[in-house]
Every structure is written in structure tokens, then in C-alpha cells.
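Chain by chain, the residues run as shown.
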Amino acid sequence: MVDVAFQSSRTAAAQAGRRRVGLRNALRRKSMSAFLMTLPLILLIAILVIYPAIYSLHLATLNKAMTKFVGFGNFEFLFKRDTFWLVVKQSCIFAISAVIFKALIGFIVAHFVHNVPANKQRKWRGMLLVPWVIPPAMSTLAWLWLFDPSYSAFNYTLSFFGLGPIPWTGDAMWARFSVILVNVWYGAPFFMIMYLAALKSVPEQLYEAAAIDGANWWQRIWYVTLPMMRNIIAITTLFSLIVTFANFDIVRILTAGGPLDHTHIFATWAFRVGIEGSDIPLGASVSLFMVPILAIAAIFILRDITKRGNES
Amino acid sequence: MSRKKLSRREFVAATALSSAALITAPYVRGAYAAGKLSMGFWDHWVPGANSASTELVNEWAAKEKVEVQLDYITSQGNKNIVTIAAEAQAKSGHDIFQMPTWWPQSNAELLEPVNDIMEPLIKLNGEVNGTVKYLGQADGKWLGVPASVGSQIKGPCSRIDLMKKYANIDVQEMYPAGSPPKADNWTLDTFLKAAEACHKAGFPFGIGLGETSDSVDTAGAIFQSFGAQLVDAKGNLTVKTDAVRTALDYYKKLLAFLPPDVAAWDDASNNKWLVAGKGAMIMNPPSAWAVAKRDAPQVAEQCWTHGFPAGPKGRFAPYLPFFWSIWSFSKNKEAAKSLLSFLSQPASIEKMVVASGGYDLPAYEKLTTLKVWEEQGPPKGTLYHYPNPYKHQTLSIAASPAPPKVAQQIYFQATLTKMCLRYYQGESMEKTLAWAEGECEGFMRS
Chain A
1 MVDVAFQSSR TAAAQAGRRR VGLRNALRRK SMSAFLMTLP LILLIAILVI YPAIYSLHLA
61 TLNKAMTKFV GFGNFEFLFK RDTFWLVVKQ SCIFAISAVI FKALIGFIVA HFVHNVPANK
121 QRKWRGMLLV PWVIPPAMST LAWLWLFDPS YSAFNYTLSF FGLGPIPWTG DAMWARFSVI
181 LVNVWYGAPF FMIMYLAALK SVPEQLYEAA AIDGANWWQR IWYVTLPMMR NIIAITTLFS
241 LIVTFANFDI VRILTAGGPL DHTHIFATWA FRVGIEGSDI PLGASVSLFM VPILAIAAIF
301 ILRDITKRGN ES
Chain B
1 MSRKKLSRRE FVAATALSSA ALITAPYVRG AYAAGKLSMG FWDHWVPGAN SASTELVNEW
61 AAKEKVEVQL DYITSQGNKN IVTIAAEAQA KSGHDIFQMP TWWPQSNAEL LEPVNDIMEP
121 LIKLNGEVNG TVKYLGQADG KWLGVPASVG SQIKGPCSRI DLMKKYANID VQEMYPAGSP
181 PKADNWTLDT FLKAAEACHK AGFPFGIGLG ETSDSVDTAG AIFQSFGAQL VDAKGNLTVK
241 TDAVRTALDY YKKLLAFLPP DVAAWDDASN NKWLVAGKGA MIMNPPSAWA VAKRDAPQVA
301 EQCWTHGFPA GPKGRFAPYL PFFWSIWSFS KNKEAAKSLL SFLSQPASIE KMVVASGGYD
361 LPAYEKLTTL KVWEEQGPPK GTLYHYPNPY KHQTLSIAAS PAPPKVAQQI YFQATLTKMC
421 LRYYQGESME KTLAWAEGEC EGFMRS
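If you're matching them up, the sequences are chains A and B in order.
First residue of the first sequence: 1, per the numbering used here; consecutive thereafter.
First residue of the second sequence: 1, per the numbering used here; consecutive thereafter.
None of these hints come from the bench; they were simulated from the model.
Among the hints, a few may not be true.
What the hints assert, rightly or not - Taking CB as the label site, the calculated pair distances span: (1) Pro-117(A) / Gly-202(B): 48 to 58 Å; (2) Trp-45(B) / Pro-292(A): 53 to 63 Å; (3) Phe-69(A) / Glu-441(B): 51 to 61 Å; (4) Trp-45(B) / Pro-117(A): 50 to 60 Å; (5) Trp-45(B) / Ala-234(A): 21 to 31 Å; (6) Gly-438(B) / Ile-299(A): 31 to 41 Å; (7) Gly-235(B) / Lys-68(A): 11 to 21 Å.
Glycine included, C-beta positions come from ideal geometry on N, C-alpha and C.
Let the sequences and hints guide you as you build the complete structure.
Encoded structure:
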């Protein structure tokens, strides 16, 4: 009996010891500790991103009074509305043209900054980042005053040259131009800083080799700089496309979607329909319509990056 | 030092005794014996106006022994309506929420009926106007108590000097302080002629044609003056009617005499127009005049707030009421009703109206002749006709009498101003009407 009792307590102690060792080993494993360290962030994302996303999917399947499941009924309704297709068209024009100009300006400015002597670069980088670090809701208010229909500072300046007044926010074409301009002003510094980082990582030897081969300025950009920056360009474009498609504050403050709905984009129209018009399910459907468009863009861009990664 | 050890038996006995004592103890009325109450009130833009509401709430709370939490929620950036949507989704939040115009109707299923307090209040303060009933009642159920705070009429605010000089209209004579209006000739035709004269003189009327509330409200009143409705009270489409055509034709003529950039105007543009001394008239509550009093006193002393011009179907003025509503998920409905009843007593209403400098308008007919409107100036009496004391105009809201949930869409999608702009920019009448009909069909989804 004594032996048996002794045996059993020894077994339990050994098991506890094994468990402790197992836990210690598990914690020692890099993947486990990495998981535990990222767990708070994962939980935060689950609460702030995944739950709202699922909830908005649920909302998009309800009727206006939110009492009945209607499946894809809200989307069917939207597809029959002219204003919805106008919003789709405008969102594409807004996002694509703004991203192209942001990328172009960012690329050019990054080259200028890259060529500035190293000791003066920090000052230039800081100054050029200013539009990006000011909250857009605030900076857009300043733009609103510059574009003010009756007291525009731009029109005041143009009047000295016998030009204008330009209906910056009162005419459909000019209003589109204005919202894209402000978005480009706000977003170009992000491209600039990303491209600058990419430019700095291009090995100098490649340029030297190109110079020995007699490559001119354009050929160095085309055959050395651009191929070396392709992944950064693709990732930056994708990221900016997502953010620009989902833009709200610039359009809301500058034109509120007018005139005649000609500057509405998904987020501003979703707000108009869902919050101001008290049709939350339809508003949720409008904002969810962005998802497939962005998903297709993401698939193409990321596939391209992976393909290049495999090739190299 | 010896420490007595507590045995298990002694611990159980002590716990049982304490629990019994707590349960059987007499109920002591504490400072907040009647529970808690939270309120989300609209953050007034008249400086100091919130303090009157705070004082009244605190006075009531001290008397009723209720612990109160009062939040002032701004309408800047639509924060108040975003909060309403969030609380409605979460079914949790404040007990009382001050809701603007359409929101009691759009949240009707989530609001506590307040007929039991509205009936005595109407007996005490007089009947409420038709727009308050239209926006505040659903199937005979009162969805909220009309709040004087924030409620406003957006009638004309004219420049006395410019109207006299260029349009040959004496607005003070037409709407004399202290006596009934003599405005039989103040019609939409006269208004159009005055708009043309002031435009020629370089002081055009500042009437917006954008997508925000001020622009929509003016268009709504003018459409109603012609009897033009896009959707009738029964929910039938009435876009393609002669009345709508006439209203559009009128607006086309009027637009030619307005500033060229009105399509881009928001709710601040008309205020700036008046304060900068650029126009002879705007359609606004007295907030623009109040700003002028501070920033441009020479403009303020020439301002006169008065009634709307009459059309073939009557004289309509845009009226936007607020409501204090109680969420059905409130945990202290009785206290909420008691507070709303207290805030709607004549003395409370007068205190709030005075604190707002006459900006706030009570919905009740016996409370439209308070002294504050007589006394405000300069010029003295400038606000006398602001609360419609002689009921010579029908207080209405754009897109009514369509069923409120449809009308809210017409209102916020600015269908009326978009129609006027489309037609003015050269689209054919029938095409504009077809577009509006399509929009309204969409607004009827349930």
C-alpha cells in the first residue's frame, strides 16, 4: 500500500513537472511568444475591425426599417438607381486620378529630395511632409476658405490678372478638380517619403554600371530606378487606392457631394443615405460596394508582387 | 499584542447577521433617491444659451432628488445625428435625446410615447402648429415634446435701407413692431421684382441653391406657396403637376437675380453674405443678425426679420422644430417625463428663449408674444415678427406633406434645389420632372 501510494504521488509530481516543462518549452518557442505578444492587437482588430465589418454585412441584408432579412435586396435596389452609378463612376475617377497624380508628384519630388545634399535633406523631408501630418479635416477647412464661392482667395488673386472668378465648388467639373487637387496635396507626401526610402535602397553600383554603359538620365530611370522600385510602387499604389476610395472628410467638407451629386463618392453618399436619410441598411450596402472593387485591385497588384518575388 | 482568531462558525454567523441587517434596514432617502437621468441636449450656438437649460435641469434635479448627467452635443459635422444613430443601434445611451426635425419619426419605434405629458402641456401653453404635429406625431402617438431650444423659423431677414432704396419696399412699415403685418402686397411677384431691383443695384438676395438645410428650406416654402408637392400626404407621386412646373419656372426667373455661385452655398454662406453687407436679404433665423451685431453693427442696425412672401396657395415659412424624446430603453422614464414637463412650463420656456436672445421659438401658440422679441435690437423690434405672432403665415417644412420617412429623403437629398438647378442650367422641364420622379420612387422603399 505504502509503495503504491508513494508511486502515485511520484507520478503526479512527475506529470506536474512535465506540464511545467511543457509550458516553459512552449513559451520558449518563438512562434508561441510572438503569438502571445500580438494577441492584444489581434483582439483589438477583432473588436474594432472584424466585428464592425460583420455587423455592416448583417445591416446590408436588412430592409429599411431593419425588421426583415432581404438578402441582396438592397444591392438590387442600388443597381437600379442612376445616382448610385454616378457615385461609382465618380469614386473611380476620384481615386484613380488622385492616385496617379500623387504617385507622379511623389516620384518627382522624391528625386529632387534625393539629390539634395545629405545634410539639408532632413529639413526638406520635414517641410514636404507637412500636408500629410495635418489632420485632413483641418487642412480641408483651409482649402474650403480658399475655394469659398463668394470670397475665394484664389479668385481674388486671379482677378489681378484679369482672370476668373472660377466656380471652384459650384460647377461640376471644377468641383471634381478641387476635391482631387486637395486629395493629391494631402497624399503626395506619403508617396514621396516611400519613394525616397526606395531610392535610397537602390545600390549606387547599378547607376555606376549604367553610366559606364553610356546610359542617359532617362535610361537610368527606366532601366535601373523603376525596376528596383516596382514593388514599393505597387504596394504604395494599392494602399493609397484603398485609402482614397474610402475617403470621406475631404469631399464632405469641401463640397458635401454637390453640386448635383457630382462629387459624391462611396463614403459621402453612404453617409447621406444612411445617416442623414435614416436608411442605415442602404448606407451599409453603398459602403460595402467598395469591397469587391478594392479586392480585385488588391488581387492583381499583390499577385504581381508575388510573381516578381518568385522570379527573383 | 494578542490577535483573536475568527473561527469558521463565527465567520458564518457574522456574515448572516450583516446580510439580514442590510436586507431589513429601513429605506433611507438619499440625495439621489429618485435615480439617475442622462440627457443629450443640442449644443446651442448662441453663447451662454446652454446655461439656462443647465440651470433649469439642476433646479429640477435638486427638487426631485435625481442625479443628472447633461451632455451638450453639437450639430457641427452632424455629430448629434450620428450619436442618435449609434444610440438607436446600441439601444443604449442617454435617457432623453434632443432630436432635430425628422429624427423622432425615423426612430419612432424606439421612442417612448409622451401623450400623457403633451396633452396637459397643450392645455397650458396653447395649440402647437401643424409642422410640430406632422414631425412629432405618429399614429396618434407623440414621439417627443417640442423643444423651444433650437427651434427656428427661416424667414426673410432684410436690409431696411437697401430694400427701401432699390426695391421701394419699407419692410418696417410692412411688418411694424408691435402691430399686425400689413403685408397683403408682399407676394412672390413683389419678391421677384425686389430681387431683380436689388440684383441690378449690386446687392442681390442671398438665397442658396446648394444641398444644405437653408437652401432646401427656402425652396420648400416657395414650392408650397405654389401648392407644389413631389409626393402627397398619402404617398402618391405628384411630381408631374402644373403646380410643380409653375414653381420651377418661378425659381428659374429668381435664380437669374441671385449671386452666380449659389449652387455651392452652404448654411454659412448666406450668413456671410448678410454680415459682409453684400446683399439686401437672406432667409435665416436671427443668428446672422446676432453675428452682425457683434462683427458689423452698421449692418445689424439695418436688419429686419419678417414674414415670407405669399404665393397663389398661401404664405408659407420654413419652420424647423427640435424635440426632446425619451428612448424606450430609458431606465427612468417617469423622471424623464417629469423633467420634460418642467422644461415646458411657460417660465422655463421664457428663460431659455431669453438666454438665446430670441433665437429659440416655442411651438405653443400662447408663447409667441414674449417680451424678448419686442425688446431685441438694434433696431428695436427687429425680431418682433420672427415668431409669427399673428399667425399670418403657415409654418411648414420642405417636402411635407409627404409621409415623413419619404419626406426626409427628399429633404436630405435636396431634390427640390437639385430640380431647380437642373432646370436653370438648361435641362428640359420634362427631363427634370422625370429625374425627380425617379428619385422619389426610390425614396419610397420600405
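Verification of the supplied hints:
no.: 1; hint: Pro-117(A) / Gly-202(B): 48 to 58 Å; verdict: 56 Å, holds
no.: 2; hint: Trp-45(B) / Pro-292(A): 53 to 63 Å; verdict: 42 Å, violated
no.: 3; hint: Phe-69(A) / Glu-441(B): 51 to 61 Å; verdict: 23 Å, violated
no.: 4; hint: Trp-45(B) / Pro-117(A): 50 to 60 Å; verdict: 52 Å, holds
no.: 5; hint: Trp-45(B) / Ala-234(A): 21 to 31 Å; verdict: 48 Å, violated
no.: 6; hint: Gly-438(B) / Ile-299(A): 31 to 41 Å; verdict: 35 Å, holds
no.: 7; hint: Gly-235(B) / Lys-68(A): 11 to 21 Å; verdict: 19 Å, holds
When each numbered hint is compared with the structure, violations occur for hints 2, 3 and 5.
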